[in-house]
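J.: Sequence:
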Amino acid sequence: MEEIHIKSSSHDYIVTMGEGIRSTLKAFLKKEYSSIFIVTDDTVGKLYLKDVLGGLEEEKNVFYTEVHAGEQSKDFETFHRLHTTALENGLDRNSLVVALGGGVVGDLAGFVAATFMRGIDYVQVPTTILAHDSSVGGKVAINHAFGKNLIGSFYPPVAVIYDTETLATLPGKEIRSGYAELIKEALITDEASVTSVLDADLNKLSSNQLRMHIKAGIATKASIVQQDEREAGVRKFLNLGHTLGHAIESNYGYGKLTHGEAVAIGTLFALHVSEDIFNNELPFNDVYNWLQANRYPLDSSILVETDALINKMKADKKTVDTNIQMVLLQNIGKPINRTISDEELKNYLLSFSKRLVNS
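Numbered per numbering that gives the first Met the number 0, the sequence shown finishes at 358, counting up by one with no gaps.
Note that these hints are calculated values from the structure, not bench results.
Please note that the accuracy of each hint is not assured.
[Said to hold, decoys possible] In silico lysine-lysine, BS3-like type, Cα no more than 30 angstroms apart, as pairs: (1) Lys-214 - Lys-45; (2) Lys-49 - Lys-29; (3) Lys-316 - Lys-214; (4) Lys-235 - Lys-345; (5) Lys-353 - Lys-316; (6) Lys-25 - Lys-6.
[Said to hold, decoys possible] Cβ-Cβ distance ranges computed for the label pairs, FRET-style: (7) Phe-145 - Gly-171: 29 to 35 angstroms; (8) Lys-29 - Glu-274: 43 to 49 angstroms; (9) Gly-89 - Ser-299: 51 to 57 angstroms; (10) Lys-203 - Asp-91: 46 to 52 angstroms.
None of the values given here were measured: they were computed from a predicted structure.
For glycine and all other residues, C-beta sits at the position ideal for the given N, C-alpha and C.
Taking the hints into account, I'd like the entire structure generated from these sequences.
T.: Given below as structure tokens:
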């Protein structure tokens, strides 16, 4: 097993990575709880819920519920239903929520924990590559029709138990989704990290290669969130690719593209804008070719509704006084936050769309 220690203003916690550890959840709990409420989805539940329950068989009050798999479950209706289920089962302020699943379950269950009786403990048990990012740092949220993750909180887990065995069952779409975040983290780290990720063939990933990339991604995120827990400064750099990515998800319809697929397009867009603004040479072509080789959806038709996308970007959490903020790269490993006008964005979206067609 490997451990990464994360410091937060409220408490420190450990990200533990290993194989088969989902079945030993009790060993990672630092205190006794009056009840345990497991939240999973109807895909992950069929695969791993029994294992997690087996590791808690000595506990008296263990409850679970499943939500529909997919981004659509990060809505107020599901959030309200989970609170109702928790109340019906007698959860109290000494209860624990377990988020068993990918980023959607982690965000949703984490926000339920953050708001139930003004906040109770929760642990993340991620089962996707993408969740290496979302399970660390304590950002929890649900979506609004106006935009992604607009209703949420900063609320760190008490532990992250990352069983890498669960990644073996991921479909190609989810592998692509997770690696989009790994590319993002590599781009804000250094050239060696970028080269390592772009050398990966997602159809032939070895378990060692995958573990190495995930550990590096978590280390990058941990370093940043420990400097800036509540996104007042450098933590904003983790949003590389997300300004357009979130707008695409919201405008295109949650669930039609995975989060990572949308972020991949947003990351390419950020490279495109950065090259123009800073007159620098970035690995746009290398990243594009890698995304194409690994069958990411790079259809320029997704970008046709430029006005709608700009309106969605203006609803983004990072927007200040209706001015859109984008994370750009002065160079690999040198991110910067920059205000982009609506007119500039429209022109960049048009030129980016043409570049995708001609690449």
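J.: If a hint holds in the structure, say so; if it does not, say that too.
T.: Evaluation of the provided hints:
Taking the CA atoms of Lys-214 and Lys-45, the gap is near 27 angstroms; set against the 30 angstroms cutoff, the hint holds. Between Lys-49 and Lys-29 the CA atoms are separated by roughly 22 angstroms; this keeps the pair inside 30 angstroms, and the hint holds. Proximity of Lys-316 to Lys-214 is assessed by CA-CA distance (about 28 angstroms); at most 30 angstroms being required, the pair is judged to hold. Distance restraint check for Lys-235 and Lys-345: the Cα-Cα separation of roughly 23 angstroms lies within the 30 angstroms cut-off, and the hinted pair is therefore satisfied.
This hinted pair checks out: Lys-353 and Lys-316 have alpha carbons roughly 28 angstroms apart, not beyond 30 angstroms. Of the pairs offered as hints, the one joining Lys-25 and Lys-6 holds, with about 22 angstroms between alpha carbons and a cut-off of 30 angstroms not exceeded. With their beta carbons about 31 angstroms apart, Phe-145 and Gly-171 fall inside the hinted range of 29 to 35 angstroms. Taking the beta carbon of each, Lys-29 and Glu-274 are about 48 angstroms apart, inside 43 to 49 angstroms as hinted.
Distance hint check: the CB atoms of Gly-89 and Ser-299 are about 53 angstroms apart, consistent with the given range 51 to 57 angstroms. For Lys-203 and Asp-91, the hinted distance range of 46 to 52 angstroms is satisfied, since their beta carbons lie about 49 angstroms from each other.
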